[in-house]
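2 protein chains.
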Amino acid sequence: MPEKRYLFTPGPTPVPPQVLAALAQPVIHHRGPDFVRAYGECLERLGAVHRTANDVLLFTASGTGAFESAVSNLTSPGERAVVVSAGNFGERWASMAKAFGADLVHVRYAWGETPDPEDLRGALAEAGGARTVYLTHSETSTGVVADIEALASVARDAGALVVVDAVSSLGAVPLETDAWGIDVVVSGSQKALMTPPGLGTASVSAAALERAGTTTSPRFYFDWEQTRVAQQSLDAAFTPAVPLVLALNVALGLILEEGLEAAFERHARLGRACREGVKAMGLELFSPDDDRSAVVTAVKVPPGIDAAELLLALRDRFGVQLVGGQGELKGKILRIGHIGWFDIFDITTALSALELGLVEAGAQIERGVAAGRAMESFVEAARV
Amino acid sequence: MPEKRYLFTPGPTPVPPQVLAALAQPVIHHRGPDFVRAYGECLERLGAVHRTANDVLLFTASGTGAFESAVSNLTSPGERAVVVSAGNFGERWASMAKAFGADLVHVRYAWGETPDPEDLRGALAEAGGARTVYLTHSETSTGVVADIEALASVARDAGALVVVDAVSSLGAVPLETDAWGIDVVVSGSQKALMTPPGLGTASVSAAALERAGTTTSPRFYFDWEQTRVAQQSLDAAFTPAVPLVLALNVALGLILEEGLEAAFERHARLGRACREGVKAMGLELFSPDDDRSAVVTAVKVPPGIDAAELLLALRDRFGVQLVGGQGELKGKILRIGHIGWFDIFDITTALSALELGLVEAGAQIERGVAAGRAMESFVEAARV
Chain A
23 MPEKRYLFTP
33 GPTPVPPQVL
43 AALAQPVIHH
53 RGPDFVRAYG
63 ECLERLGAVH
73 RTANDVLLFT
83 ASGTGAFESA
93 VSNLTSPGER
103 AVVVSAGNFG
113 ERWASMAKAF
123 GADLVHVRYA
133 WGETPDPEDL
143 RGALAEAGGA
153 RTVYLTHSET
163 STGVVADIEA
173 LASVARDAGA
183 LVVVDAVSSL
193 GAVPLETDAW
203 GIDVVVSGSQ
213 KALMTPPGLG
223 TASVSAAALE
233 RAGTTTSPRF
243 YFDWEQTRVA
253 QQSLDAAFTP
263 AVPLVLALNV
273 ALGLILEEGL
283 EAAFERHARL
293 GRACREGVKA
303 MGLELFSPDD
313 DRSAVVTAVK
323 VPPGIDAAEL
333 LLALRDRFGV
343 QLVGGQGELK
353 GKILRIGHIG
363 WFDIFDITTA
373 LSALELGLVE
383 AGAQIERGVA
393 AGRAMESFVE
403 AARV
Chain B
23 MPEKRYLFTP
33 GPTPVPPQVL
43 AALAQPVIHH
53 RGPDFVRAYG
63 ECLERLGAVH
73 RTANDVLLFT
83 ASGTGAFESA
93 VSNLTSPGER
103 AVVVSAGNFG
113 ERWASMAKAF
123 GADLVHVRYA
133 WGETPDPEDL
143 RGALAEAGGA
153 RTVYLTHSET
163 STGVVADIEA
173 LASVARDAGA
183 LVVVDAVSSL
193 GAVPLETDAW
203 GIDVVVSGSQ
213 KALMTPPGLG
223 TASVSAAALE
233 RAGTTTSPRF
243 YFDWEQTRVA
253 QQSLDAAFTP
263 AVPLVLALNV
273 ALGLILEEGL
283 EAAFERHARL
293 GRACREGVKA
303 MGLELFSPDD
313 DRSAVVTAVK
323 VPPGIDAAEL
333 LLALRDRFGV
343 QLVGGQGELK
353 GKILRIGHIG
363 WFDIFDITTA
373 LSALELGLVE
383 AGAQIERGVA
393 AGRAMESFVE
403 AARV
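Just so you know, the protein sequences line up as chains A and B, in that order.
So the first sequence is residues 23 to 406, counted in this note's numbering.
So the second sequence is residues 23 to 406, counted in this note's numbering.
Some clues are possibly wrong.
Stated by the list, open to error - Some, not all, of what chain B presents toward chain A, calculated at C-beta under 7 Å:
1. Y28
2. P38
3. G87
4. M118
5. W202
6. G220
7. T236
8. T237
9. P240
10. F242
11. Q248
12. A252
13. Q253
14. P265
15. M397
The set of hints was computed from the structure by calculation and includes no laboratory data.
All C-beta atoms in this analysis are idealised placements derived from N, C-alpha and C, irrespective of residue type, glycine included.
Model the full assembly from the supplied sequences, consistent with the hints where possible.
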């Protein structure tokens, strides 16, 4: 029998066949009419997915490149920036702000905690003069999705520009760029946007662009103004990753065809089903058991189980790719991603594989209980 | 009849079907064994194509991103840098060096001229204290391929680090990174490497890495040390463009299977055939009529012909994509790219399309003369 592979990591995520097919088309010139049409459509669809009237700038880069575009365009050395972090990607904001010479105020939680808007309010009041606040919507390393509306509101009240990492949340959980007054949203192609990694995005408000006009940090490739002007004439500033842009356009079309609200609802239901299945196996959740955390289910590794061995067995024996914890959570948690092109059978497969692996490692688990409870939860949700 | 498309631009370039097929494989995790194996192989093959024992750093970015990695890792504000420019991409080095605060000495030629190593020697002597010299191997905007061995030698004599843009030359014309003492070679996936755009590379010498350790320009995404360390354990610093890396690995395998010398010889023969065909139509070459200029054939637009209209007719009526001039050469030249996955029939097709277009626009050209002369040149070369 052919070995089948299952990608249940929180990025990269599975890519639908229509999107893969777009990647394999013969390469076309980036200044020809076919590409220009798709590029324009892609930029428009990005605006719709962000729910913004702002420009969404598209970079050939990983999500980290889009992060850097925010920091390098908004930071002049010595200016005060506040970073809220509770995991690996929040820490990345802090490292990057420091690299660009920001006077960093770090509101730092233990990995896995959920940021409290009142802590941010206190930190902003105490520090004073914060020019920019960097937030993480979905902290992929822990599974926590923050209340970004409330956090953004607090940052705005303090007169700061609000920058949000939405790499693993955009298209999966509600994010209202304009309604919530978020100046900059950075994201990437490889999560809920159902496209391979390689494209980073940054939606930029008028205020953010105005700030960028006065920022002294050196930059070229990620310079917002250069990319904004180029996008206005649908002529990318630098040769874009043609197949990835065509693929992203197809994927965004699929997302908007399903409808953003339907996609959010689907992610919430799948997250709930996954958590219910995990608990039914007698495992403890690491990520919060709430509907907002619909992107990644983080599970505590049960006592007596070696996480690395379990993950290797799942991968090499069953073709199922989950991931462990990053940084300080290494060995302590497992993560099941359900971002983007996922349905209930991906959840039952992930849970069934986990059951197989744990039982082989000596755990006592009633056969099929996780998949059963997940389906039950999924069907219950449909009845509501 | 289905409309067939022909991509004869100097980037992006045609991608072989095996490479396209690699793009369309279901996405795999970048930390799983299949990717790690291909990633390691790809990095090794990049070293072979560069003819270097240095690390070749791989970035998810356009070639311009690889440029920026060189400038941001080598430039501390106020340090003297020399840029030799004779076209659009040389000018890009200059813009970028200025953006990062270099004290720029600009050895600037008219677009289309061939840089003279003695001019560089004079400029270096006059300026003194140059820390870095930025060169362009193949100036894609004009078709000129510089004598990079001689230029690099002059720069080295002056004690400067040597940085070469080989975006459109790597794999097409001879480049001996180590034998010629080139500290940094930047390139991209989308030219002779026969892969879509989206990956940039930088080969870095020990001296270049040492300099980077003392450079004060802020950087994160393009930081060499971060990428170098990550590559050592085959764990990319940031989520890589998985399908592009797999595709590049396939393409590099094809190049090395053909053999670098054979690829160089093929490019030289195709370039000669193209130039002979162009001249047989009574057109004047803009790029030099020498075997080094094997990458792009730039042709002067004949009097009475509107370049933009001609290019549109070729594209929209015949499905043949050539490009015009950039910047100050707009309207004055046409460019035929023959980089990467090209054979003699691509040359005869490009020339035949040009003949059709020119005759329709009123030119007097003997039917088939260009294709005929190109084939003759090609066959003669085989006999030598």
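* Which hint numbers does the structure go against, in order from smallest to largest? -> 1, 2, 5, 7, 8, 11, 12, 13, 15
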